[in-house]
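Place chains Y, F and V with the ligands on chain B using the hints.
Residues per chain, in single letters:
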Amino acid sequence: MKARVTVTLKSGVLDPQGKAIEGALRSLGIAGVASVRQGKVFDIELEGSDKAGAEAALKDAADKLLANTVIENYRIEVMG
Amino acid sequence: MKARVTVTLKSGVLDPQGKAIEGALRSLGIAGVASVRQGKVFDIELEGSDKAGAEAALKDAADKLLANTVIENYRIEVMG
Amino acid sequence: MNPNETKITPKLVAEHGLKPDEYQRILDLIGREPTMTELGIFSAMWNEHCSYKSSRVHLKGLPTSAPWVIQGPGENAGVIDIGDGLAAVFKMESHNHPSYIEPYQGATTGVGGILRDVFTMGARPIACLNALSFGDPSHPKTRHLVSGVVAGVGGYGNSFGVPTVGGEVRFHTRYDGNNLVNAMAVGLAEADKIFYAAASGVGMPIVYLGSKTGRDGIHGASMASAEFGEGAEEKRPTVQVGDPFSEKLLLEACLEIMAKDCVIAIQDMGAAGLTSSATEMGAKGNLGVTLDLDKVPCREEGMSAYEMMLSESQERMLMVLKPEKEKEAEAIFRKWGLDFAVVGETTASTRFIVKHRGEVMADLPIKELGTEAPVYNRPFTETPKLPVIKATDVKAPMGIVAALEHLIGTPDLASKRWVWEQYDHIIGGNTFQRPGGDAAVVRVLDGPKGLAMTSDVTPRYCEADPFEGGKQAVAEAWRNLTAVGARPLAITDNLNFGNPEKPEIMGQFVGCVRGIGEACKALDFPVVSGNVSLYNETQGRGILPTPTIGGVGLLDDFTKSATLAFKAEGETILLIGGAPGWLGQSLYLRDVCGREEGAPPPVDLAAERKHGDFVRGLITGGQATAVHDLSDGGLLVALAEMAMASGIGAELEAAADPVPHAFWFGEDQARYVVTVKAADAAAMLEKAAKAGVPAQRLGRTAGHALILGSERPILISTLVSRFEGWLPGYMAGSAA
Amino acid sequence: MKSAVVVFPGINRERDMARTLKLVSGKEPAMLWHADTEIPTGTDLIVIPGGFSYGDYLRCGAIAARSPIMVAVTDFAAKGGLVLGVCNGFQILCESGLLPGVLMRNQNLKFICRDVYLKVERSDTPFTRSYNAGQVIRVPVAHGEGNYIADGETIAKLEGEGRVLFRYSSPDGIFDPNWNHNGALNGIAGILNGKGNVLGMMPHPENHVETVIGNTEGRGLFSGLVDHLKAA
Ligand SMILES: Nc1ncnc2c1ncn2[C@@H]1O[C@H](COP(=O)(O)OP(=O)(O)O)[C@@H](O)[C@H]1O
Ligand SMILES: [Mg+2]
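Chains as they are written, first to last, in this note's numbering: chain B, 810 to 889; chain Y, 810 to 889; chain F, 297 to 1032; chain V, 13 to 244.
Bound-form chain B, shown alone (with noise of 0.2 Å):
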């Protein structure tokens, strides 16, 4: 089984790296961006096929690891 996780940063915290893609689009002469934030995404091979379950491990994974829950928000998604 396939699937994604994907974090990103919460509304309202400071995204350093963002700002700076947000610059450097502007003297690229990139028209039109208004802001960038930037996240993570993290394609996991799954073993099994039990996809109750593989969501159910990725939520732990995400808790407890993935995503710093203090500053980020995370989005799963079992492609089976």
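Check before you lean on any hint, since a few could be wrong.
Unchecked claim - Straight-line Cα separation of at most 20 Å, SDA-like style, residue types lysine to any residue; simulated pairs: (1) Y:K849 <-> B:E854; (2) Y:K849 <-> B:R884; (3) F:K906 <-> F:T916; (4) B:K819 <-> V:I161; (5) B:K811 <-> Y:K849; (6) B:K873 <-> V:H46; (7) F:K745 <-> V:I161; (8) B:K828 <-> Y:V816.
These are computed hints drawn from the structure, not numbers from a lab.
Note that the coordinates shown come from a computational prediction; the quantities given were computed from them, not determined experimentally.
Then chains Y, F and V with the ligands, alone, in the frame of chain B:
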């Protein structure tokens, strides 16, 4: 307009981060993880409402800055 | 033998970088058509990078021995004795082509490779240096390359945990399509516990250690030897990605098992990976090697024998272990979370046999793979001599003060702080002289000894006169070590040139190597390791000849090393060495007058030695309070650097005859600026006269400006803002 | 002072720290492995040193914070034991929840190694008793992610309770964005936990402890701890 650019490592390119995360998930007792590959997402706010124009601008942004096309692939989604 | 799955066609041979006559040599050697795997092995072993086929005949002429040399060229790194039962282990290596294609990863894997070379010998790395050459600042790719390469050098060294203490950064349009990344590492080992590549004993287990094998950099070694064509950016092979975390684990694990006396032989997998490491271990030990590729830990599925033999995945090692220690060694590697697999054994046959899925994929004579590699004595034409430019024929387009203010903010002379502040240069707690001086000084263990290190070359001199330029590179390294008070001991050289198949490029190579050899002999400064990088050309245009010299010297007491900052006001400033005023190929001529012309300054090696020994004597005798050698930019630039480092100015009253701008900006060699207490000045001048060393009083330290006679005073703060401002401003995107 | 230094895979300033602890306290610290589950009895101080635990992959300190030894460290701290986290150690303490907040990428997105000036805000703690309140010390930093942030409430609490122990400042002790090299909120360089026994800081006092190397302004932190433990 909101858009998301997802940048992932090309297959075959070594992903030391993914490898370390894999090991950490295993030692945290999270079962069934066969492999992890880490990528990036950029959540971008765009001015205006020209979807095609936005896509072109983001492609430009991805080629020039957001992705390192030597080792990474990217995907653009404009949510409108 | 595995029947050939693919017909070996002339096209395939050519794609492997082998010339028809080289292929014929293979046929003659093995008496049959090679398998694909074998063809791959030959292409890896016989390319320029691994076989040194164009350079070998010339490198033979370099002096490589001295009483303090424990190991000269030919191993992973050179080794010198530094007393107290300790040895310094060091080498420099290039990662030029990969860093152009992917600057961050190219630089990281370059640093990773050289660190591995050093700890493979049993040494713990204690310092790194990096010599970087980039294209013209106004070239559209330059900023991107600087940013990526510097981040990559730092990214690897910082994480691995070795201080990056020195290096150099230059810009020139001739590097536009070929930037250079030369990385040097220095390690410390017990002199009687150095580890080598030569295997010994028949039936010994060959163990694979470290990270898994992937399809990274297949044919990287051949690429490193190929000129870039127009389509190079499309034809790139899989890029290698550095993993400093794994390498740090590999370091700790290797040092741990070496301390436990488990290791017979060890070789890192660098260029041409498994192929060159396995054959080298066997050939050096007069043994055969049989590998079973089914045992090799792989990262990707379905890898063929061909791919495994040519993979350049990083952070891997091959070891021959004492069989009775196998379990103990394995436990150590497992503890560090690294792969450990017995992948073969040594044999009495001197054959290199590779098996995969029950079939023999290669069966080759192991020694001949190395010894029978083609050697070329390529035709070369000597670089024509350029006319000597007379100082009196060079008109000054601006005043002395304006010229200094201009020069100090030019790309080559401006401060490289923006670079070295991205490098952890203090980890280890032993960095006594940080970047920004003439040479870095690092304490050895708990002292009092210290090692000094530097990297130097002046490519524009090498281009104008390869022989003098080669001498100058060695002399400048020797001088920089001397200027901090160290006894220069040995060098590593990293020879970066264009396409050796062109006689004029080969002429540059031959000239530089001769010059290097001559200077090494005269200065008792042997070559103990090195690396050659050829084919640095894009669309037929080569780089400036760039033989980077990495020098290492020893201080008996690191706390007595001299620094270039003025120490107090009212001290006397002396110039050691003459002041003829050589402007040919000077930065003044190039960057102030806009002329890249003439013969470069000649190097009088006897004078170098005499003047340097005199200055070192002043330092060890405690009379010199500040010392700086003269190089790029000449006397006034050196004085400005001494003032900026301290905030203390100078009143200069030298006569500056006969041509003032030649006096202040000439780049004559074998020279230093030294400050002494005013009361000592007369005695020092007398001492110099007795030693036959030209010396003269330039003035005294004072105030917060440089004052040249009746000229307008130059505030140090003005100089500092120009000196420190250029690189950060450039990187922030302001005009080149 | 009986100290212990925790070693995670990828940590690289453990030798610098151990050498400094030995130099200042006269005693060799114990080296604890990440897989250990117990702290040697009688330990007074646990130090989590700098480096790149697990390569700083994922987030700095994230993987190390979930190691077995951190359970024991948390327990040790709960019982009042002294814990010092420097650089990556600070990041690990934040990730493990022993300290609040997060260390983000430096504002300029670059690794920075240079000497900085720190204002010591208080001297009435075990970590700063050798310094005077308001004193400015020069110590090096070497990090890419030292930009401290926390939500407004947390910051107000840290400031209100005097838990900001070190702040980036100008050489004369004035908070100035030009001297705040990594962009940390309020120039925060080091903070205490609520009980005052856990300190996390980004700069490396352990690299400025020897006259022969040129600067000793970091030494007070360690000599203060020795004095504190002698007095206790
Ligand atoms: N890439 C670099 N990495 C580290 N230090 C550097 C680098 N480039 C320049 N430096 C430092 O800047 C100082 C001046 O460099 P340079 O002008 O080349 O010195 P010199 O003329 O004495 O050889 C040296 O101390 C050098 O170590
Ligand atoms: Mg110098």
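Cross-check of the supplied hints:
1. The straight-line distance between the Cα atoms of K849 (chain Y) and E854 (chain B) is roughly 17 Å, inside the 20 Å bound, and the hint therefore holds.
2. A distance of roughly 14 Å separates the Cα atoms of K849 (chain Y) and R884 (chain B); the hinted pair therefore holds under the 20 Å criterion.
3. About 15 Å separates the Cα atoms of K906 (chain F) and T916 (chain F), which keeps this hinted pair within 20 Å; it holds.
4. For the hint linking K819 (chain B) to I161 (chain V), the alpha-carbon distance of about 13 Å falls within 20 Å, and the restraint holds.
5. Simply put, K811 (chain B) and K849 (chain Y) have alpha-carbon atoms about 17 Å apart, close enough for the 20 Å limit, and the pair holds.
6. Proposed proximity of K873 (chain B) and H46 (chain V) is supported: the alpha carbons are some 18 Å apart, at most 20 Å.
7. A threshold of 20 Å between alpha carbons decides the hint, and for K745 (chain F) with I161 (chain V) the separation of about 43 Å lies outside it, so the pair is violated.
8. Distance restraint check for K828 (chain B) and V816 (chain Y): the Cα-Cα separation of roughly 18 Å lies within the 20 Å cut-off, and the hinted pair is therefore satisfied.
The structure fails to meet hint 7 from the earlier list, while all remaining hints are met.
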